[in-house]
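Novice: Chains A, B, C and D are the protein sequences, given in the same order.
Every letter in the first sequence is one number past the one before it in this note's numbering, and letter 252, counting from 1, is 239.
Every letter in the second sequence is one number past the one before it in this note's numbering, and letter 296, counting from 1, is 283.
Every letter in the third sequence is one number past the one before it in this note's numbering, and letter 293, counting from 1, is 280.
Every letter in the fourth sequence is one number past the one before it in this note's numbering, and letter 188, counting from 1, is 175.
Worth double-checking, as some hints may not be accurate.
In silico lysine to any residue, SDA-like type, Cα no more than 25 Å apart, as pairs [claimed, not checked]:
1) B/Lys214 to B/Arg129
2) C/Lys23 to A/Leu174
3) B/Lys25 to D/Gly177
4) A/Lys23 to C/Leu174
5) D/Lys214 to C/Asp155
6) B/Lys43 to B/Val27
7) D/Lys150 to C/Thr289
8) C/Lys214 to D/Pro264
9) A/Lys112 to A/Thr211
10) B/Lys23 to B/Val71
11) B/Lys112 to B/Asn210
12) B/Lys70 to B/Thr40
13) B/Lys191 to D/Arg172
The set of hints was computed from the structure by calculation and includes no laboratory data.
Number of protein chains: 4
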Amino acid sequence: MLKVGIYGASGYTGQELLRLLIGHPDTDVVTITSRKFKNVAVSEVYPAFASTTDLKFADSSPENIISSCEVVFLALPHGEAMKVAPEFVAAGMKVIDLSADFRLRDVSVYEEWYTRHTSPDLVQKAVYGLPELYRDDLKNARFVANPGCYPTGIILGIAPLLKDGCIDTSSIIADSKSGASGAGRELQFGSLFCEVNEGFRAYKIASHRHTPEIEQELGRIANTAIKISFVPHLIPVSRGILNTIYADLQNDISESEIFGIYEKFYGDAKFVRICKPGSLPNVSSVRGSNNCDIGIVVDGRTGRVIIVSAIDNLVKGASGQAVQNMNLMCGLPEDTGLDHISLFP
Amino acid sequence: MLKVGIYGASGYTGQELLRLLIGHPDTDVVTITSRKFKNVAVSEVYPAFASTTDLKFADSSPENIISSCEVVFLALPHGEAMKVAPEFVAAGMKVIDLSADFRLRDVSVYEEWYTRHTSPDLVQKAVYGLPELYRDDLKNARFVANPGCYPTGIILGIAPLLKDGCIDTSSIIADSKSGASGAGRELQFGSLFCEVNEGFRAYKIASHRHTPEIEQELGRIANTAIKISFVPHLIPVSRGILNTIYADLQNDISESEIFGIYEKFYGDAKFVRICKPGSLPNVSSVRGSNNCDIGIVVDGRTGRVIIVSAIDNLVKGASGQAVQNMNLMCGLPEDTGLDHISLFP
Amino acid sequence: MLKVGIYGASGYTGQELLRLLIGHPDTDVVTITSRKFKNVAVSEVYPAFASTTDLKFADSSPENIISSCEVVFLALPHGEAMKVAPEFVAAGMKVIDLSADFRLRDVSVYEEWYTRHTSPDLVQKAVYGLPELYRDDLKNARFVANPGCYPTGIILGIAPLLKDGCIDTSSIIADSKSGASGAGRELQFGSLFCEVNEGFRAYKIASHRHTPEIEQELGRIANTAIKISFVPHLIPVSRGILNTIYADLQNDISESEIFGIYEKFYGDAKFVRICKPGSLPNVSSVRGSNNCDIGIVVDGRTGRVIIVSAIDNLVKGASGQAVQNMNLMCGLPEDTGLDHISLFP
Amino acid sequence: MLKVGIYGASGYTGQELLRLLIGHPDTDVVTITSRKFKNVAVSEVYPAFASTTDLKFADSSPENIISSCEVVFLALPHGEAMKVAPEFVAAGMKVIDLSADFRLRDVSVYEEWYTRHTSPDLVQKAVYGLPELYRDDLKNARFVANPGCYPTGIILGIAPLLKDGCIDTSSIIADSKSGASGAGRELQFGSLFCEVNEGFRAYKIASHRHTPEIEQELGRIANTAIKISFVPHLIPVSRGILNTIYADLQNDISESEIFGIYEKFYGDAKFVRICKPGSLPNVSSVRGSNNCDIGIVVDGRTGRVIIVSAIDNLVKGASGQAVQNMNLMCGLPEDTGLDHISLFP
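Construct the entire structure; sequences and hints are all you get.
Specialist: Have a look at this one:
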C-alpha cells in the first residue's frame, strides 16, 4: 500500500481526492492537513465520510508528511504551493501539485498572470500532468504540475487537430462553462446559492489565468506560438465543465476524417471517450468519473470545426487526474481506482 | 381598452402573454384558445393566475376572435400559424404571429429549414417584429412576425458592429445558452427534470432552425450575405438566454469607441441596457423583464470583439416583444405594460 | 406621492422592498441607506435595477430620513432595529420594522430567544403587522412590527381552525420548508451554492427563533397558551416557503365544513387564496406575488387535518407584507402596488 | 461470478442497478431487458455507461433469463412484476422484485391501494427486503420484495422507538420529501424541468400508496395495528429522500437514552449512520451511497421526539438495497460492492 498525504485538504478538491484515495485499492491515506479545521474529524466537515474514515485534519508540518508518506498531493492555493513544494521535492517524495504554481514553464508568464514566483528553479523540473499528452514523461516523473480544470478539457478537445495541422492556429476560440465547485469553497458573494441559482453569466472574458496555460500546451503541440480567445461562464450546477471550441479548417477535410484523427490520437487513452457522430457530450454523463467526453461537428457552411468536450472539474479537472498521475508515477495501471461510472441522474 | 385574443395559449409563451396582458393598462383579454384545455379555467392549468382571472380556455374559431377582438396573438407551433394567419389578416385585424412561419422572407429558405409553406403570398406582408431595428415599419404594420428567442438576443448583440462595418462579416460565431422553457411544455425525455438538472450540453450544433433567421437579419444590416456558426446549449434554469458572440475586428478600434457605437445605435431604445465597461450581463438580471442587457469586451490579444447579450426568452424573446410590437402597432408608448423589474433572487 | 425611506437596504429584503416600491403608483423612494454600499448605485449591487432607478445607497442618519420622508421601513438585523426605531417613532413618522425586535409582546420571551432588549417601552406600541388578523388596528397604526416569514404562512394556515375551536391546541406540528433567500445575503458556508444545491436538510429543530412568535399569535387567536413543534428545512430554491401543518381534529368535522370555515375567515382577504378541494399549493405559484395559497386535507384515517400554506418569503413573508401594511397605515387600498402575478415558470 | 439479469431495465432504477452491479466484484450482468429500447446499446440511452459496457437492451423472454442467470432483478411497474415473478420463482432462481406487488402480506390491502392481484399465492413466500429488520430471513430467502423508497427511510427512522415501546403508536406523522427521480422516467407534465425547478409542493396527502406498506411494517415491530399520517413532497433535486418523523413520547425519556436505543438497535448495521447529537442528515451526504443517515432530537417543550432520516431513493431506496439483499441471499458479505462514498458537492 502506498502511503499518501494530502497537504491542504479542506476544500472541495481536497475532499474529492480523499474520496478517490479511500476507494483506491493500493493507497493508504496517512495524513490530511488543514489549518482551518485542525483536529476536526473529516466527517464533521464533510458528513459524506461518516462511517468511512476516522481521519482528522492535522496541522502537520512538511517534515511529518515526509517521514510518513511516499506521495504527497498539494491542494493549496497558488502562491502557497510554491512555498512548500521545494522541501517535499528535495526529500525525494513523489509530489503532485494541484495548484497553478508549476504549470507555466516561462516564469515571466507566470509572474505576469499570477504573482512573483519564489521557486523559479523548480519550474523546469515539473512535468505537466496531462497523461494523454505526456504519459511517458509522467512514468518517470517525481514532481508533477497537475493541469487546471479548463485547460484539461480544452487541450484534450483540440490537441488532435493541432497535432495533425488541419486548423488555422490563429482561429481558436474556447467558449467554456463551469459548475460552481470550480470556484472552490471560499466565502464570496458570487458563490452564494441565491446569486448562482437560476443565473448564467460570463466572467473574466479574455483575461482568465488559465489562458496562458492553455496557450502554452497548444503551442507545444502545434510547434508554434498560439493565442486563443477564452471565455469562461458559470453554470448553476455543482460539477462539470463543458467546452465548446471553434476553429477554422485549413483545407477540405470531412467529418469522418476528423473522427479518424481523434480515434488515432486517443487510441490507448482509457479516459477519453469520443462520442459517436451525431452524439454530443453532457456534463451529467461524466459527473463523478474521470472521463473526458468529446463530440465533433464540422460546420460545412462556414468551414469551421466545432469540438465539445466535457469533464467533471473536480475529477478529470483536478483530483481524478492527480490520482491518474500518481498511478503512472508509481507504476500502477493508469486507471486503478478510477473506474467510477458517472452518477446519473 | 384594446380587445385582444390569444390563439393557442396553453404553452409557456401563451401564459406569459396572458401575464403581461392582464397587467397591461390598455388591454382587455377577451379570448384565449386551446383545444387541449377547452373549457378548463386558466387558473387550473396555471395556478399562478388564481384570483386574478376567471378566463377559461376556449376552442374558439377564428371567426369568434375576429368578431370580438382588434388584436390577435398567434401562439401556435410553426406550420399551424400559417393555416390561420390569412383569415385573421384578411379580416383586417392586427395580427402578431409568434411562430416562425412568416419570419423568413425567402420562402425557399423557410421550406429548406422547416416545412412546405402554405401561405407564401402572405410572407412579404409581414414585418419582422424587432422594434429596435424596424420601429417605424412596426408603427404602420398590421401583420408582424415576432422574432425567435435566439435571433432576438444575437441580432441585438451584434447589429451595431455590422451597421458600422467594423467587423469581418465572415467571422461571426454565436455561442448561445438557453433555459429549459425555450423547449416549450411538450412532453419529451430531454425536458424531464432529471435529464436537465445538473446537466449542460450543446444541441443542434450548426443546424438549428434559427440560423437562417439570424443570417437574414444580419445580412440586411450589413447589406451583404452573412453566414455564421450558431451553437445553442441548454442551461438548467427555467428562463433566460445568454449569447456570447465572437467576431474579428476589421481594424484597430478601441473598446471605448465600440461602446460609443452601441450607445449611438441604441440611443432611444428603452429595453436595451449597455453594461458599463467591466460589467457583464447575467440572465438573472433580466428574468421576468423585457430588457436585453449587452456587455462588450475587446480581446486585444487576438483582435476580436466579444459581445454578451442576455434576455428572458419568454419576455423579450417572445411574449414581451410581442406586446412591445402591439404597443407600436396600436399607437401606444412602446413600453406600456412592460416596466417589470427583474425578479431577483 | 408618499415619500418613503428604506433604512438598511442592502440585503435581499431591502432590494425586494425597492422593487415593490418603485412599481407602487403612490410612493416615491427618497432614500435607501447602507453603510456597506455607501455611495454605490443600487444598480451596481443589483443589476436588475439598471435603467429603472438612479438611486444610490446612502449612509444617512435617521435625522436625514425624518426630514425627508413620511414613512420609513427598517430592514435591519434584529438587535439593530431597536436602536433606531425609537427616534423614528418619536418623530411621528410611520415606521414599519421588518426585524424581530418588536414582534414579541413579552419582553422576557424576546430576551430568552434573542438578546437583551434596549427599548422595552416601545414594544407595547407596536402593532403586529399581519393584516388578515389585525387589519383595523393597522389602519390606525404608526408603528408596525412586520411578521417573520415562517410565522406569516403558519399563522395564516392554522388561524381559522383555532378561531373556530375545532382542533386540539396541544397537537399542532408545523413542518416548514424555506428557500435559500430566507437566510439573507450573509457570507456563510451553509449558504454557498455547492452546499445548498442538490441538498435538503432540517435545521434548528424545535429551537428556531420564530417559534415563540408563532405561539404568541396562535395563543391570541385561541385565547389559550399554545406550544407547537416547529421544524424548518432548507429547499434548494431561491424563493418560497411551504408549511405543512398537522393538528388533531376535536370532533367529527367534514372536509367541506372546514373549507367553509376558511372561506368565512378569509372572506375579504385579497391575498389569501384557498385551493379548491383536491388541489394543493406550490411555492412556484406564489413566487414574486403577495399571495398566500392554502390547501386543506382531512386525513379521516387518523382524525387529523393537514393544512399546506405557501408564500414567497421575500414578498408576503417580508417586503410585500410591509407594503401591504404601509397601504393600510396610509389609507390606501390594501393591494395597491401588489398585484403581481407569479412568475412561472 | 454470479450471473445476474435485470428484467425491465430502462428506467432510472434499472440503470442504477446496472451501475452498482458493474461495479460489484462478484457479479456478471448477463442480460438486461427492455421492450422500449430493444437492441439499443445501454450507452446510447444512458451515455454515462459509454466505454464501460457493451450491453444492449434485449427483449428477452423469462426463459432466456432462467437459462442464463442465477439471480434476476425485476425492475417493472407494479402490476407487471406479478405477471412474471411466478415463472422465475418456479424455476428456482433467486428473485428480487423492486415493484410493490409482493410487499403487502394482506392481498386485500394490496387490492384496495393498487390493483387486482393475479398471484396471491406467491405473496406469502416473499420476504420483505429490509435487511436491518429481516437479515436472517433474507439469508435464506429465494424471493424478496424490495421495499419502497419512502417506507425504507421511514421504517428505519422510527423502528427502534417502536421496538422499545417508548412512543404513542397513534401519534406518528411522517412528513417526507423526495427528489424527482422518485417519479421515474415517465413522460408527465409534473416531471418536466420547468414544473419541478424552483418549486416545492406536497402531493397525495394522506393517500399515497406507500402508506399501507409503512403501516404494515411498523405494526409488525410494535405488535399492534398502526395508522400514520404520511405526506410526501417533491424536492427540486434529482436524488434523495428526507423524512421528518414526529411522535409523542410515552414517558419521560432523555435524548441520550434515545440515542442509546438507536445505537443498540443498529449495532451491526453497516449502512445506518446515527448522526451525533446536534447534527442532522442532509440528502447530499448520502447521494450515490447505500447509507441511511438518522438524526434525533427530543422536543422537550412538547414532549415529542423528532427523527430525521435521509437516503438516496435510487440506492438504499431501491437498487442499492436490492444489491444488499442479493448479497445476503447469496452468502456474500452484506456490503460487497456497496462501499460508495457520497458524491459531494
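Novice: For each hint, tell me whether it holds in the structure or not.
Specialist: Results for each hint:
At roughly 31 Å between alpha-carbon atoms, lysine 214 of chain B and arginine 129 of chain B are farther apart than 25 Å, so this suggested pair is violated. Simply put, lysine 23 of chain C and leucine 174 of chain A have alpha-carbon atoms about 17 Å apart, close enough for the 25 Å limit, and the pair holds. For a cut-off of 25 Å, the pair hint linking lysine 25 of chain B to glycine 177 of chain D stands: about 20 Å separates their Cα positions. Proposed proximity of lysine 23 of chain A and leucine 174 of chain C is supported: the alpha carbons are some 17 Å apart, at most 25 Å.
Simply put, lysine 214 of chain D and aspartate 155 of chain C have alpha-carbon atoms about 19 Å apart, close enough for the 25 Å limit, and the pair holds. Simply put, lysine 43 of chain B and valine 27 of chain B have alpha-carbon atoms about 5 Å apart, close enough for the 25 Å limit, and the pair holds. For a cut-off of 25 Å, the pair hint linking lysine 150 of chain D to threonine 289 of chain C stands: about 21 Å separates their Cα positions. Proposed proximity of lysine 214 of chain C and proline 264 of chain D is supported: the alpha carbons are some 23 Å apart, at most 25 Å.
Between lysine 112 of chain A and threonine 211 of chain A the CA atoms are separated by roughly 22 Å; this keeps the pair inside 25 Å, and the hint holds. Note on lysine 23 of chain B and valine 71 of chain B: the hinted pairing holds, with a Cα-Cα distance of about 18 Å set against a maximum of 25 Å. This hinted pair checks out: lysine 112 of chain B and asparagine 210 of chain B have alpha carbons roughly 21 Å apart, not beyond 25 Å. Straight-line distance between C-alpha atoms of lysine 70 of chain B and threonine 40 of chain B comes to about 29 Å, which puts the hinted pair past the 25 Å bound.
Between lysine 191 of chain B and arginine 172 of chain D the alpha-carbon distance is near 23 Å, which keeps this suggested pair within the 25 Å criterion.
Comparing the model with each numbered hint stated earlier shows that hints 1 and 12 do not hold.
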